[in-house]
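A.B. asks: Letter by letter, the chains look like this.
Number of protein chains: 4
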Amino acid sequence: FFSYGTKILYQNTEAVQSKFFPPLQKAMLPPNSFQGKVAFITGGGTGLGKGMTTLLSSLGAQCVIASRKIDVVKVTAEQISSQTGNKVHAIQCDVRDPEMVKNTVSELIKIAGHPDIVINNAAGNFISPTERLSPNAWKTITDIVLNGTVFVTLEIGKQLIKAQKGMLFILHIFIGPMCYFIVPQSLLSLAAEWGKYGMRFNVIQPGPIKTKGAFSRLDPTGEFEKEMIDRIPCGRLGTVEELANLAAFLCSDYASWINGAVTQGPKFLLSGLHPEKSKTKTNLDSQ
Amino acid sequence: FFSYGTKILYQNTEAVQSKFFPPLQKAMLPPNSFQGKVAFITGGGTGLGKGMTTLLSSLGAQCVIASRKIDVVKVTAEQISSQTGNKVHAIQCDVRDPEMVKNTVSELIKIAGHPDIVINNAAGNFISPTERLSPNAWKTITDIVLNGTVFVTLEIGKQLIKAQKGMLFILHIFIGPMCYFIVPQSLLSLAAEWGKYGMRFNVIQPGPIKTKGAFSRLDPTGEFEKEMIDRIPCGRLGTVEELANLAAFLCSDYASWINGAVTQGPKFLLSGLHPEKSKTKTNLDSQ
Amino acid sequence: FFSYGTKILYQNTEAVQSKFFPPLQKAMLPPNSFQGKVAFITGGGTGLGKGMTTLLSSLGAQCVIASRKIDVVKVTAEQISSQTGNKVHAIQCDVRDPEMVKNTVSELIKIAGHPDIVINNAAGNFISPTERLSPNAWKTITDIVLNGTVFVTLEIGKQLIKAQKGMLFILHIFIGPMCYFIVPQSLLSLAAEWGKYGMRFNVIQPGPIKTKGAFSRLDPTGEFEKEMIDRIPCGRLGTVEELANLAAFLCSDYASWINGAVTQGPKFLLSGLHPEKSKTKTNLDSQ
Amino acid sequence: FFSYGTKILYQNTEAVQSKFFPPLQKAMLPPNSFQGKVAFITGGGTGLGKGMTTLLSSLGAQCVIASRKIDVVKVTAEQISSQTGNKVHAIQCDVRDPEMVKNTVSELIKIAGHPDIVINNAAGNFISPTERLSPNAWKTITDIVLNGTVFVTLEIGKQLIKAQKGMLFILHIFIGPMCYFIVPQSLLSLAAEWGKYGMRFNVIQPGPIKTKGAFSRLDPTGEFEKEMIDRIPCGRLGTVEELANLAAFLCSDYASWINGAVTQGPKFLLSGLHPEKSKTKTNLDSQ
Ligand SMILES: NC(=O)c1ccc[n+]([C@@H]2O[C@H](COP(=O)([O-])OP(=O)(O)OC[C@H]3O[C@@H](n4cnc5c(N)ncnc54)[C@H](OP(=O)(O)O)[C@@H]3O)[C@@H](O)[C@H]2O)c1
Ligand SMILES: NC(=O)c1ccc[n+]([C@@H]2O[C@H](COP(=O)([O-])OP(=O)(O)OC[C@H]3O[C@@H](n4cnc5c(N)ncnc54)[C@H](OP(=O)(O)O)[C@@H]3O)[C@@H](O)[C@H]2O)c1
Ligand SMILES: NC(=O)c1ccc[n+]([C@@H]2O[C@H](COP(=O)([O-])OP(=O)(O)OC[C@H]3O[C@@H](n4cnc5c(N)ncnc54)[C@H](OP(=O)(O)O)[C@@H]3O)[C@@H](O)[C@H]2O)c1
Ligand SMILES: NC(=O)c1ccc[n+]([C@@H]2O[C@H](COP(=O)([O-])OP(=O)(O)OC[C@H]3O[C@@H](n4cnc5c(N)ncnc54)[C@H](OP(=O)(O)O)[C@@H]3O)[C@@H](O)[C@H]2O)c1
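Line by line, the protein sequences give chains U, W, Z and X. Just so we're aligned: the first sequence equals residues 1 to 287 in our numbering. Just so we're aligned: the second sequence equals residues 288 to 574 in our numbering. Just so we're aligned: the third sequence equals residues 575 to 861 in our numbering. Just so we're aligned: the fourth sequence equals residues 862 to 1148 in our numbering.
Calculated from the structure, these hints are not laboratory results. Bear in mind that the values here come from a model prediction, so they are computed numbers and not experimental data. A portion of the hints provided could be inaccurate.
Partner residues are not named here, just some residues of chain X that face chain Z (Cβ under 10 Å, in silico) [as the list claims (entries may be wrong)]: (1) A888; (2) R993; (3) Q1066; (4) L1079; (5) P1081; (6) E1103.
Some chain X residues close to chain W (C-beta under 10 Å, calculated; not the full set) [what the hints assert, rightly or not]: (7) E960; (8) E992; (9) P996; (10) F1012; (11) E1016; (12) G1018; (13) S1050; (14) Y1058.
Glycine residues also receive a C-beta, built at the ideal position from the N, C-alpha and C atoms.
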């Protein structure tokens, strides 16, 4: 039942040790763990966002998903809703536009109430050698990943403070140094600042997970997948279902003590200067 | 059913926002998640170790616990076993002694088979201003927390490589700069080096959790608990049950993609120069 | 001779241990260390930028400073030039505007040649509790500190790659979680990527230094200075001259081996739960 | 004049960009910067320790060096002393032995007075795949690098607190995850705790520098040097002289504001999955 449209596309590039680490794809939390809860997921129409929405919905949450392509979020909302039997709403929103974010948040509150869970999952990024990066391209990335996330967080945070209702954030952040660091640090700061209002802020750094969106942008030719996998100790990419289970745990009351934390999926590790020369590993890795 | 002898001693010092974050104390994973698995937990007779053993056992694992006080581990083993209906074994072991570790590991393998889960939880630490710390006191701490953990890991690792059977480690580490940093970093290195043998290495940095052992050593007069809580965004300590749920997740196949990661409970945060002067927070916190 | 207009305004809030750590205010590098070098400093008209420009100029560099207030940079340029006997040029530039950055860089190259040293020091930031932060205020900060720095770096980098001439960057970043993390990480990435073109990228995280600009924005009422100082192990703020000496070292050929590094001034430290209860410090600090 | 016995052995493996980054080998600080100061350097008979001693001595310091091989430290002491004209003393000391450390410190104080500068530079490490690492080998490494450093720091710290005289520590730490993390963190903690006594604690993470000692242990066959260099953005190793200049700066009063900081030499960087595929770098590096 916990299975989405998104397939694990092809993972024939797995390293040999991945046989020790098969993914467990079914829901981990008890049924109805999110009964009565409202979840808002940006970028919920595709990839990881769709996976998390599916799981939260199947565990009882009422979900609201938002992204630019209203058609995509609408189709996904209906598909999930018919699978899980729980309502999923779709709103059109470009998170880069503060005015649109404001409207989306007030529609969200109108149709579903103040959210208990917010997942900042919208992101767009592409790949380019720095010397060919234009000022505009740079701005586009920071606008979505950084400013968009901040706009959503600020607007919902202010509404929740007014309503005096706690809730939580999870933030997904994308591959690459730029946004890998800034968003987590701001979150830790918010955990300290807004903890008193009953809000939790946590971050997942998921490592690479094969979704159509991320991989078409970051590895369009497929040539880097194998090299990425060589750097992952388990020898395989994570799956959408695995990430969704981790996210559901952090969103749940089982994690009500966890605030201001960063949770990592597999990290890229420097796996030694040469894979076959394992004797160099211990001594040079983390320099 | 998932309730242990260890009480949440007294938490009358909770900050006001803790009402938003009540602990969810029941088991999170599906029943029988650890059916057929063998778990080895050092320091499993008390506190966090006892809590994790209780949960793993109640979810089907065959557990082996080991520490210096054979009476304590024996009583705990029987108590848990009678609660859960699953076998729990007790072995006497001082992790500082490589010979004793070797013997313990071979007994472990004899009575229960190669372990699927190893939790390095044994630790002892106490508190002292540095100028009164003697070389001997320093050595005692590093011997247990650092060397003991390494001896257990090396010995079991070697046995598993021989037996060509994957398994996983979780490592708990204690409050304080010394061991907070070194053990995690060595683990990340091992994840890269021994991932190919099917082993996973992950770390939990749990933040403060009220156990009799830890708090009698770190806060004997009880005077620091309140100050600690003031630095935790949720306004309360974590509970043994919450930590056990997190550990069980990381030990389970739901986390088979997670290797070489550090998972944090609540962090102490610099919550602003003065709690009431919230306007300083955002700008000065993370310097 | 190495003394600027900027005074150490008032430091009557110093902690008692600061008597052990008096600042050494004279130039550290040998005379003429920057003879024949061209340095470009954004925000060079005031505060830290003026201090670094003064020192580089007094050590022989030809300097070009740029900021929005052309009057301010002009006056500073003349003042320094008359002190040091070396040419200092002033250009008007708002680093948020990619077009203006492009023109500034081409003027810089025309009047002084390709720069050997670039110091991204322009920044503006202010203080606000997050719940009162507007989307616009957020954007203003990221535009200067983040995007401005990137625009300057991209434009000069591209010109230098074309000209096949190595050079180096230093980046100053401001107090606060937001920009404290993102800019350093992007720089490390650039060091790896553009090292092959002969460029070095290093970061200084200076900790608080009393300049009129920074302190009028971050501590307008003066009430936080004392609290900041309580968190600095030396019990005093850094001085403009001290920062300038550190920057000059990193810009010089004495540091030609240092690339992709972050150099810290004093860090705010968690100095124990209570300053007078030193016994808690060792064990709880870095949680 | 600032030239030691230790040669830059052979650096024919340098990457092409190293031509942009030639080392500047002469003394950076003004003459007599350490006049009247006493410096204590463990492991001062060879490699980096010898280099730092030579520079401090040539800038006026009275130096005391200590290590296990009394012949080696004696010869070095005489050699430096005759070069610089300033007294250098030699003491035999195994830093792993708390009693011997105590005696060494009291001899140091007797012959030269309380030290102003202490450089914890003694270290020994070797290389081995973890599965072949014995408990004893592990203990040997932690005993020197970790415990030895702590013993020296504790003993001198206590003497200085008694004498109410400030001073500073610099700590060198070796290549590899184990000791790379623990010692710096303990130091930051000490900076917060002992700053009030007038002590500064700073760390240098130098990256690889070619000394006979370090390279004979870490790269006995010479096969990894090239691979290391490929990961260093400047395309070459650091030199003993460069490290000595950096250390002298941090020991000097120019750095009296810097306490509790970690200063990095070149870091090993993940320079992209494939050096020639620069387009992957920006996006995957820091994951
Ligand atoms: N997959 C991975 O390996 C990986 C690893 C680390 C982090 N992440 C992060 O996880 C998140 C999801 O990634 P994914 O792999 O699921 O890729 P994806 O399918 O491309 O998801 C991105 C989603 O963001 C939405 N979006 C983009 N720009 C938006 C905007 N301006 N306003 C509102 N919505 C916007 C997109 O919908 P519209 O086009 O309709 O707007 C899309 O649904 C991203 O933040 C990504 O950076 C992914
Ligand atoms: N509670 C917290 O707030 C907290 C926070 C962060 C980390 N931790 C870590 O979590 C772990 C468990 O702590 P706890 O709170 O449960 O305290 P605890 O009840 O005192 O547990 C420590 C256990 O370690 C065992 N042990 C100590 N020295 C040993 C040795 N040389 N060989 C074998 N076993 C040894 C003890 O049993 P014997 O005396 O019988 O040997 C005891 O069962 C520790 O690693 C602690 O540092 C706790
Ligand atoms: N002082 C500290 O404690 C401290 C600590 C950490 C980091 N820093 C950083 O160090 C740098 C210098 O700070 P400071 O203390 O010297 O303060 P400051 O005197 O206010 O310097 C800031 C400079 O940036 C220029 N600037 C601002 N916006 C600009 C823009 N859009 N385009 C071009 N130039 C612009 C300003 O000139 P115009 O107004 O003429 O444009 C001014 O000269 C800043 O990056 C600051 O964040 C300072
Ligand atoms: N070279 C590098 O690339 C590099 C990089 C990072 C960090 N480091 C660190 O920098 C320091 C110096 O390294 P190096 O390259 O100069 O190597 P080195 O020449 O081998 O220096 C090590 C010194 O430590 C002394 N020593 C070893 N064990 C000792 C003990 N138990 N008690 C007292 N002294 C002891 C040795 O003298 P005796 O044999 O006479 O005792 C020797 O003089 C080390 O801490 C090293 O880890 C070096």
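A.B. asks: Hints numbered earlier in the text: which of these fail when held up against the supplied structure?
C.D. replies: Hints 2, 4 and 5 not satisfied by this model.
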